[in-house]
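Protein chains: 2
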Amino acid sequence: MTNATTVSAEAAASDATILLRADDDVAIATRDLAAGLPLDLPAARVVVVETTVPRAHKVAVRPVAAGAPVHKYGQPIGRATRDIAPGEHVHSHNLAVGVPTHEYEFGTARQSPPTTMAGRTFDGYVRGDGRVGTRNFIGVITSVNCSASSARMIADQFRGLGALDEFENVDGVMALTHGSGCGLVPESEGGQTLLRTLRGYARHPNFGGLLVLGLGCEMLPVTALVEDLGLPEGALVETMTVQDSGGIRATVRTAVETIRTMLPQVDAARRRPVDVSNLVLGLNCGGSDGYSGITANPALGHASDLLVGAGATSVLAETPEVYGAEHLLTRRAVSEAVGRKLLDRIDWWQSYAAAGGGTLDNNPSPGNKAGGLTTILEKSLGAVAKAGSAELAAVYEYAEPLSTPGLGFMDTPGYDPVSVTGLVAGGANVVCFTTGRGSVLGSKPAPTIKLATNTEMYERMHEDMDLNCGRIVDAAATLEEVGEEIFETILAVASGRQSVSEELDLGQDEFQPWQLGTVT
Amino acid sequence: MTNATTVSAEAAASDATILLRADDDVAIATRDLAAGLPLDLPAARVVVVETTVPRAHKVAVRPVAAGAPVHKYGQPIGRATRDIAPGEHVHSHNLAVGVPTHEYEFGTARQSPPTTMAGRTFDGYVRGDGRVGTRNFIGVITSVNCSASSARMIADQFRGLGALDEFENVDGVMALTHGSGCGLVPESEGGQTLLRTLRGYARHPNFGGLLVLGLGCEMLPVTALVEDLGLPEGALVETMTVQDSGGIRATVRTAVETIRTMLPQVDAARRRPVDVSNLVLGLNCGGSDGYSGITANPALGHASDLLVGAGATSVLAETPEVYGAEHLLTRRAVSEAVGRKLLDRIDWWQSYAAAGGGTLDNNPSPGNKAGGLTTILEKSLGAVAKAGSAELAAVYEYAEPLSTPGLGFMDTPGYDPVSVTGLVAGGANVVCFTTGRGSVLGSKPAPTIKLATNTEMYERMHEDMDLNCGRIVDAAATLEEVGEEIFETILAVASGRQSVSEELDLGQDEFQPWQLGTVT
Ligand SMILES: [Ca+2]
Ligand SMILES: [Ca+2]
Ligand SMILES: [Ca+2]
Ligand SMILES: [Ca+2]
Ligand SMILES: [Ca+2]
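For the protein sequence lines, the chains are A and B, in the order given. Counting from 1, one number per residue, gives the positions in the first sequence under this note's numbering. Counting from 1001, one number per residue, gives the positions in the second sequence under this note's numbering.
The following block holds chain A by itself, in its conformation from the complex (with noise of 0.2 Å):
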C-alpha cells in the first residue's frame, strides 16, 4: 500500500470527507472516491484513498489494528475484523459490531462543553415564576375530545387579518385539542400520562393566558388539568365546560367574552433580554436519510454542546431511535441514577414494541448498508449525534418537567408529533428538527427550527425549511460553522423572530399527546 503522507497537501481534496470528530478513526465521502484520491485532512495530514469509497460510505483515516475498536462520531462503532490501513474502505467487510456487553458503565465518558457562549442573552418573556417564555399565546386547551370543537371555534374568533392588531405583543389563541380524555381509567399508565402532557402545556411559559374546557362528563375533569400546577400568582386560568355553559354556541359566547377580557393583560407582557441558561431546547429529527447522521444531527449537536456550556437546557429523545447506543449514553452519565433510569425506559420499551408487533432492535437494513451503515451501533449514534457529546445530566419520562439543566433524555415514541409534543410538554421553548426526506413540521405554541440534511431537498421545499445543513456535504460550509449558525438561529428565534412553520402557523394539529393503553 502507498503511504498517504508522501501526497503535498496542495493537491489534496479538502470537500472529499467529512471527519466528525478530530479523534475518528473513519471519515466519511461526500462523493464517490476512486484509489489514488489524496484526501486532505485537519493537522496537514493527507491520506490516500486506497479502495473505492461510496458516497457517504466510510473510509480509514488512521490504520487500526484487528481487533481494535473504530471510532466515528467520537465513539466506537464495532471492532475491525482484520487490520485496517488509512484510506481503505470500512465496511461489512472489516468492521463488526463486537460482542455485546451487558456490563454497562456509569458516568465514565463525562464530557463538559465548551463554554465559549456563556453569558450570551435573549430576548424572552419572563414569568411571574422565574420561567422564561419565547412566545406569547393564549391556549384553549381540552380535557376531552368532546369539546374539540368548541375549542377550534374560540380560536378561530382570533384568527385572521386584523383579528390581534390592537394585542401586537399576543402572538395568537391557539386551540390544543386531542382524541382521548374518556373512555379511559384515569389512574392507568395512559391516564397518567395523557394528564402529564395536558398539564405540561397548561403550564408551559410560553402561555400568557389558558382556558381549560371539557365537555363536563368526561372522566378527566378541567380542574385535574390545572390544581396543583405551582402556576404563578395573578396567572390567567379559566376553566369551563360545555354542558354548564348550556351548549355550544353559549360556550364559545362566554369563552371568546373571557379571552377578549384576558388580551389586555397578556399584550401588557413584554421581552426582555434574558441569559442563554433560560433557554430550554427540544432536540427531534423525522425522515431521516443517508446525510441525517453526518450533516444536520452532528451539527445540532454542535449547537446543543454550546447551549449547554452555557448552561442552558438540552433534551434528546426518541428512545427507539437510541436503541442500541444506550450503554455509550450511561458512560456520558452524570450518576448511576441518571443512567439506569435510561435502561429502565430500554427495558420497558422491549415489551411495548413487541406488544406492537415490532422490535426496537432493527439492524442496518439493506438500503441503510448500501447507504454506508455498518451496525446498529452506527446507525444510532447518527440519531445521538444531535446531543453533541455533553454528559448526560437527566433522563426524563415522557412529558415530565425538563427541570435539570445541561443535556437529557426523555422518552419518548420516534414518531415525530408525539415525540415533540413530549418535550413541548416538558418545557422545551425552543425544538430544532432536522429532516431529510423533507418534514413539515410545526409546535406552536414553542418554535421549531427545521434543518435540513441535503440541499436537494432544501431547495426543493425552501418554503419549508429553516437552515440548509447539507452545505456540510457539499463543503461549502464545516460542522462547527453551521453548528454555530444553528446556536444563533436558536436565540434569534427565542427572541422572536418567526420560523419558517411559524409563519404557516403550523402546530395545533401536531399536537399529538401520546396515546398509550387501552380505549373503552
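No wet-lab data here; the hints were simulated from the structure. Ideal Cβ positions, reconstructed from N, Cα and C, are used throughout, including at glycine. A couple of the hints might just be wrong.
Computed footprint of chain A on chain B; a stretch qualifies when at least three of its residues, placed anywhere within it, have a C-beta under 8 Å from a C-beta of chain A [claimed, not checked]: (1) 1185 to 1191; (2) 1345 to 1357; (3) 1384 to 1397; (4) 1403 to 1417.
Start from chain A and add chain B with the ligands according to the hints.
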C-alpha cells in the same frame, strides 16, 4: 296485601310509570310513588303501589314467584329472591342476578320487527356502485398526522360564507385528520385497524370526491388508502404528497386547484327518492344518565326496529356497554357463527380492558343502584335497548363494511368519537346518538341526530339537541310515538335536512380512529 284490581281505572295515575314492554314484570316509576297510589296500565289493568318506590326505580306489575325470572326490556334481568306481589318495589332486596350460565344459546329468541314502514323512501345520492349517500361532501383524507395541517388549510379555503355558493349541491370540503399513520407496524392489529378505518371513509357514499394527502415518507402510503377499494367507475379520487409537491404552500395551491376542478362534477349529483332500505343507521350513546335506558334508548330501539322491518341496516356498537347482556344477543343471532363472533370479541375485550388497568365487569355502582339499576344485566340492557328487538344479523370488527341488512353489532369502544368513527367508516349514512348529560358530538360526512334522554338537559342545551325523548318520562308521549318521530327524523335528515350538529359544522375534530397498540 291489597288486591290492585279492585281500584277503579278512572282514579289511577297513567303518567306515574313507564312499561317498556307489554309483557314486562316491572314498570319504571317516573316520580316517587307513595304506597296506595293506583297505577293505570295497558289493557285496563290497574295495580296499587304496595311500598314506596323512588323515581326511576322498578315497581312490579305482576306477581313473580320466588326463583322466577323478572323481565324488563322483554328480557330477564335476574330472578326473584322471594315472592314478589304486584305493586311492590323491585330492587336488591327481592331481585338478584341468577347464577351466570356459560351455556350460550344461539338463535333461540329471534324476532322479526314490524314491516309497517316497508316501501318508505328518502332522497339520497345514488353513487356509481349503487350505494346511497345522504350527503355530498368532498373529503381531504390524510394518511398521516404529518399532512394534517396541510389538509386543514386546503379545506379552510372552501369554508365560510360564499366559498361554495356556485355549488349548492356540495355540502362542503372536509379534512379528515388524525394522529397516527407512522411510528407503527403497518401489518399489526393497530396498523390494520387504522387502514381499515381510512379506507372505509375513502369509500363512504357521502363523498362525491376525494383527495388523499400524505407527507411522503410515512409508513402508510397514500396509495394504500385507495387501491383495490372497488370505487365506482369515474369516482373522483386524487392522491398527493407534500414532499412530492414541494412543500406546504405548493401542496395547498395544487390541492385547491384540484378540488376546484372536481367541484362542478360533484355538484352535478342530484338527490332522488330511494327505498328506505338504503339507510345504514349507526346507534350510539354517550353521557348516559338514569333516563337513558327508559326513554331515549328504547325509543331509538323502536325506530331501529321500524328501519330493520323495512329492510334497512341498523348497527349497535360499544362493546363495553353491552357486556353482561351478550348471552341475550346470541339468542337473537341469526346463526351460531354470528353469535360466536360476538363472543370472540367479548373474549378479546377481557384482556384488552385488563391491559388498560380496567375491567369490563362493571357492576352497577352505588350511584347506579340509587338510580334504580339492580343488576349488570339490567344496566347493559339499557344500552342494548337502542337496538330494539330485531334478530342479530351480523357482527362486525371495528370499521368493517356494514354489508348485511338488518340489525348488526360492531365491536367498538364505548368512547363516543372512536365508536362513531368506526360506524361511519363501516358505511353508516346516518347516526342516532342518545345522551343524558349532553353530548355535542357531530360526525360529518354522516349526519348525527342527537336524542336527549331528559327534558331538563334538552331545555338547557336545546341548541345542541335534535329531539327530546324526556317527553316519555314527562308522560307527554309514549315510547312508540317518540320512536316513530325518531324514524321520521332519520328520513328527513337523510333527505338533506340539517341536524343541529351539522348547523354547527361538527365532525372534523371528532374523526378519531381507534388507536390500538404501540407508537414507535
Ligand atoms: Ca401578534
Ligand atoms: Ca422522529
Ligand atoms: Ca351547500
Ligand atoms: Ca357527486
Ligand atoms: Ca359512548
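These are the hints, each one checked on the structure:
| no. | hint | in the structure |
| --- | --- | --- |
| 1 | 1185 to 1191 | holds (count 6) |
| 2 | 1345 to 1357 | holds (count 5) |
| 3 | 1384 to 1397 | violated (count 0) |
| 4 | 1403 to 1417 | holds (count 5) |
Violated hint: 3 only; the structure is consistent with all others.
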